[in-house]
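**Student:** These protein sequences, in sequence, are chains A and B. Taking the working numbering, I'd label the letters of the first sequence as residues 757 to 908. Taking the working numbering, I'd label the letters of the second sequence as residues 757 to 908.
For the record, the hints were derived by calculation from the structure and aren't laboratory data. You may find that some hints are simply not true.
As the list makes no split between identical chains, a pair holds if one copy fits it or if it spans any two.
To be verified - When the alpha-carbon atoms are kept at most 27 angstroms apart in a straight line, the in silico BS3-like pairs for lysine-lysine are as follows:
no., residue 1, residue 2
1, 850, 898
2, 854, 898
3, 882, 807
4, 864, 906
5, 787, 864
6, 820, 787
7, 886, 843
Since this is a predicted model, take the numbers as computed values, not measurements.
2 protein chains.
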Amino acid sequence: MKLRKELIVSAIENGTVIDHIPSDSVFQVIKILNLEDCENQLLFGTNLDSKKYGKKGIIKLRDKFFKSGDINKIALAAPTATLIVIKDFQVIEKKQVKIPDSAVGIVKCFNPNCITNHEQITTRFKVLDKKNLKLLCHYCEKITDNNNIKYI
Amino acid sequence: MKLRKELIVSAIENGTVIDHIPSDSVFQVIKILNLEDCENQLLFGTNLDSKKYGKKGIIKLRDKFFKSGDINKIALAAPTATLIVIKDFQVIEKKQVKIPDSAVGIVKCFNPNCITNHEQITTRFKVLDKKNLKLLCHYCEKITDNNNIKYI
Numbered sequence: 757m758k759l760r761k762e763l764i765v766s767a768i769e770n771g772t773v774i775d776h777i778p779s780d781s782v783f784q785v786i787k788i789l790n791l792e793d794c795e796n797q798l799l800f801g802t803n804l805d806s807k808k809y810g811k812k813g814i815i816k817l818r819d820k821f822f823k824s825g826d827i828n829k830i831a832l833a834a835p836t837a838t839l840i841v842i843k844d845f846q847v848i849e850k851k852q853v854k855i856p857d858s859a860v861g862i863v864k865c866f867n868p869n870c871i872t873n874h875e876q877i878t879t880r881f882k883v884l885d886k887k888n889l890k891l892l893c894h895y896c897e898k899i900t901d902n903n904n905i906k907y908i
Numbered sequence: 757m758k759l760r761k762e763l764i765v766s767a768i769e770n771g772t773v774i775d776h777i778p779s780d781s782v783f784q785v786i787k788i789l790n791l792e793d794c795e796n797q798l799l800f801g802t803n804l805d806s807k808k809y810g811k812k813g814i815i816k817l818r819d820k821f822f823k824s825g826d827i828n829k830i831a832l833a834a835p836t837a838t839l840i841v842i843k844d845f846q847v848i849e850k851k852q853v854k855i856p857d858s859a860v861g862i863v864k865c866f867n868p869n870c871i872t873n874h875e876q877i878t879t880r881f882k883v884l885d886k887k888n889l890k891l892l893c894h895y896c897e898k899i900t901d902n903n904n905i906k907y908i
């Protein structure tokens, strides 16, 4: 069983592994990173056993590397995620994602009257609280939080 | 490399493997089978190398088994898919999916005036042509085909 679990993580020569994604956020992370349209080899799993979190998801993407700014977008949906950069089967970088100070074009404003829900305007929020996710809309100044967050 | 590829397919004790999914249909299959909300362990890959099709997708689902009627729903999006049933690490069944004679609640009617696009009515089509997918809407009698097919 151990061998199998290791292989799920390690069977990639060059690319990016995103580990420790909350199981119920895997499809949101896929959406945020636009992986549905990605032409690279993509492997992922959800509801895998995790010592730390009980259940977790993992995404492995061959020959693809992300900029910090891009990968941190997923921290809103998956604050526990770890980014692992692999070259020649070796882990060359491993870091936690960080919730950014602002969220541009990732989240919908929950306020139905907000202009971003009626016109083609990119949403823009200031992250007021990183722990209990609170996002202040740049346009209508309402606060979108964990209870009503939806991803674009 | 061979070892790794085999393990992608075989690392499941009990459950279902759906192999030979066209790479660009993997997320549609996930949607049709409603796997985003599934709590079983789920592994999948896209853009994997395939001798037969160039590129393919694969889905592995632990401890989950499908009825023929349910699995054949995916044949509209993934006509080349193979269903593999695994028990105790052994393949106990392997078969091609078959495009069904009717499609209920899977596909949207492309006709914007169709009643199914305005009221809460389950879509219902007769499959007129299985090769060049042509679906006759039970309600408006317009034909939805490969060029305008969208999944619910």
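**Student:** For each hint, tell me whether it holds in the structure or not.
**Tutor:** Results of checking the hints against the structure:
Taking the shortest alpha-carbon separations for residue 850 and residue 898, neither the intra-copy value of 36 angstroms nor the inter-copy value of 54 angstroms comes in at or below 27 angstroms. Taking the shortest alpha-carbon separations for residue 854 and residue 898, only the intra-copy value of 23 angstroms comes in at or below 27 angstroms, while the best inter-copy value is 50 angstroms. Neither within a single protomer nor between protomers do residue 882 and residue 807 lie at most 27 angstroms apart by alpha-carbon distance, with minima of 34 angstroms and 49 angstroms respectively. Taking the shortest Cα distances, residue 864 and residue 906 sit within 27 angstroms of each other both inside one copy (6 angstroms) and across copies (24 angstroms).
Proximity of residue 787 to residue 864 under the C-alpha cut-off of 27 angstroms is found in both arrangements, the shortest distances being 13 angstroms within a copy and 22 angstroms between copies. With identical chains, the CA atoms of residue 820 and residue 787 are at most 27 angstroms apart both within one copy (16 angstroms) and between copies (25 angstroms). Proximity of residue 886 and residue 843 under a CA criterion of 27 angstroms is satisfied in neither setting, with 32 angstroms inside one chain copy and 45 angstroms between copies.
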